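Which chain is which? The protein sequence lines are Z and G, in order.
So for the first sequence, the numbering used here puts the first residue at 1; every next one is plus one.
So for the second sequence, the numbering used here puts the first residue at 1; every next one is plus one.
These are calculated hints, taken from the structure and not from any lab test.
Quick caveat, the model's predicted, so the values are computed rather than measured.
The beta-carbon is built from N, C-alpha and C at its ideal position, and this holds for glycine as well.
Warning: the hint list may mix true and false statements.
[Said to hold, decoys possible] For lysine-lysine, the following DSBU-like pairs were computed, each having C-alpha atoms within a straight-line distance of at most 35 Å:
no., chain 1, residue 1, chain 2, residue 2
1, G, K83, G, K110
2, G, K110, G, K149
3, G, K21, G, K83
4, Z, K25, G, K181
5, G, K111, G, K181
6, G, K83, Z, K58
7, G, K83, G, K111
8, G, K111, Z, K58
9, G, K30, G, K111
10, G, K83, G, K181
11, G, K110, Z, K58
12, G, K83, G, K24
13, Z, K35, Z, K25
14, G, K181, G, K110
15, Z, K58, G, K149
16, G, K149, G, K181
17, G, K149, G, K111
18, G, K149, Z, K35
19, G, K181, Z, K58
[Stated by the list, open to error] To spell it out: a stretch of chain G is covered by chain Z in this simulated footprint if at least three of its residues, at any positions, have a beta carbon under 8 Å from a beta carbon of chain Z; those stretches are:
no., region
20, 77-84
21, 145-157
22, 165-174
23, 185-196
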Amino acid sequence: MNCQEIANLMDGYLDGELDALTSQKIEQHLRECSKCEQAYEVNTVLAHAVSRTAPYYKAPIELRERIQFSLREAIGATTSRDAAAQDQLLLRRPEVVRRRVFSEMPWNWLALAAAIVLAAIIGSTLLPRLLAPGAGQFLATQLIASHVRSLMASHLTDVAS
Amino acid sequence: MAATLEAEYVFDAEDLESRAKVVKFAVIQKDAEEGVAREHELASFEAMMLPHLDAAHNLARWLMRNAQDAQDVVQEAYMRAFKSFSGFHGSNGRAWLLTIVRNTSYTLLKKNRAVDLTTTFDEEVHATGYESASPATILQHTEDAELIKNAMGELPPEFREILTLRHQESLSYNEIGEILKIPIGTVMSRLARARGKLKECLAARIS
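Same shape as in the complex, but just chain G (with noise of 0.2 Å):
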């Protein structure tokens, strides 16, 4: 009676175990087709979006205006555009790109320093004459790195990214517009306020 309790035993672990492999394999290559596939729409992602990453730093590094913060800032919006790369069927990966740069920058932003944000810019008040600097001495000094460094990062984020991504990246009205969820006309009007007020900041700086 021993005896056969024990062949019994022995019987259903063996079967138990060699079950157990064949359902193990199934789902060994449940996960290699969905790793695969995993793998397929990060290789895509990763052309689509590594060849902006410059864009994306500088912008984030203008907003953040600190090394640490632009490098997290973009790591963080990479890791969120993968997350809804499915959903992204548009043409223009660089403008989609940054616009999750910039909405990650704001969030750091306003968790960091809520001031900064609050900078907003008074056109009454900051209304520059053509004759606070004239055009001969802004010429003298444009080709002052720092100073032109120094006086664009005193201006507010929204003028900062503005200069940003029509100087720097040569985005057109449509494509800032997309980014920055606003009509053409205010493109133009801030950008406007933008150069307005960094003349100012230079011709302050310069005497």
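Same shape as in the complex, but just chain Z (with noise of 0.2 Å):
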């Protein structure tokens, strides 16, 4: 490679952007060739000019504060305007509204409130029965439960002798 070679390659060599082979052929010659390597030396000052010495301009607080604030008033803005451009079709057309007042009315309330009263129904009807003891279950209780009485007696028998 030659010096004119070398000039052209060296940004990319000084930022770390070529391939292994052509940063060792550049690294050969600037071991051999002063000319470059001083050129090489002042890009390399200057890099590390701009990243450490020129100012680095954070954003203020503020400015922070004033974009969260404009793009909350973004979509707050155009949900108020459709409210309002609705509220202007209601008091408009009223005859219109009326007659599609139950077909605009959401389906999933209208089988919410069917599901209320047949559960409701269902309830008054079936869960006294379900809950009332039979007679026959009254009986089965008093027999185990007696049953049990009777062991616990030999039981307590076995442990006092």
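Put the two chains together into one complex, using the hints given.
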């Protein structure tokens, strides 16, 4: 590689953007050529000056707040404008609105109401019957209880003797 | 007859009011759903883009060379970015945002002072020899923040932006190429010209 080729590739070399083989060739040239080596040093110093010495302008806190406010305003403004448009429609054409009330009512609300009514009917008719213990069940409970009592009695005697 | 009419009127009015409420409720419900969706979008936008606010401001500040203009540009850029956020599906949010900041900056620069953009750099005329300033001389002055700032501010915007993207944001050639819409080879040659010109400006200020 001659000095002109090195000069063309030097920035890529400095930024670590070249492939390994080309980088190696440039490295070798820089070791042998003081003129190119000096130019490379200047470029390195310049790069450092820009990255470290030149001011980095961080965003002021007010800017962040201003942006966040504007963004909220942007999504809020469209909502209220839509609502206003709907209100006007409501005021201007009451007849149309009246006729379409039922069809515009969401079906899931109607379904929910129907489900509640059905549940109430089922609950009031079936639940008392399910909860009341039948005559047969009462007898079974009595039998089990007396059996358990008899077992408990013999168990107590066992411990005593 | 009069009484009947009156009764009908009252019934009608009540009916209309209650039905209007039902419709209004449905409208509010729909609005609330849309509002929630918008808030979700805003939340993800902010989570993705606000971390790059400093980078956005720094680029705008170097391009505009003026604190007020830089803030206006960044605010405008964020509003533009939010509007087209639904169309953004890439992974590099910073590069995407910086592209918008850059475009917004140039729009304002063109509007404010068209002259600024026509100061294109002539490589032949400005070709710098290695001997124009010795590394030692430049090295002595690289800690001088004011000098570096002024010398960099003197450069045309295309050099100011590429220097700040490369050295302050540490972006790769690939990312810079994406933001400036130029091929990687051009990124390298433009950086070389930018550094050459900066060197020249520094040397002129030192001597």
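Against the structure, the hints come out as follows:
1. G:K83 x G:K110: holds (23 Å)
2. G:K110 x G:K149: holds (23 Å)
3. G:K21 x G:K83: OK: G:K21 and G:K83 at ~33 Å, within 35 Å.
4. Z:K25 x G:K181: holds (30 Å)
5. G:K111 x G:K181: holds (21 Å)
6. G:K83 x Z:K58: holds (24 Å)
7. G:K83 x G:K111: holds (22 Å)
8. G:K111 x Z:K58: OK: G:K111 and Z:K58 at ~25 Å, within 35 Å.
9. G:K30 x G:K111: violated (42 Å)
10. G:K83 x G:K181: holds (21 Å)
11. G:K110 x Z:K58: Measuring from Cα to Cα gives roughly 24 Å; hence the hint holds.
12. G:K83 x G:K24: At roughly 29 Å apart (the allowed maximum being 35 Å), G:K24 and G:K83 satisfy the hint.
13. Z:K35 x Z:K25: Measuring from Cα to Cα gives roughly 16 Å; hence the hint holds.
14. G:K181 x G:K110: Distance of about 18 Å is within 35 Å: holds.
15. Z:K58 x G:K149: holds (15 Å)
16. G:K149 x G:K181: holds (26 Å)
17. G:K149 x G:K111: Holds, because 25 Å separates the two Cα atoms, which is no more than 35 Å.
18. G:K149 x Z:K35: holds (28 Å)
19. G:K181 x Z:K58: holds (25 Å)
20. 77-84: holds (count 3)
21. 145-157: holds (count 4)
22. 165-174: Three-residue rule met by the region 165-174 of chain G, so holds; n is 6.
23. 185-196: Result for this restraint: holds, n = 5.
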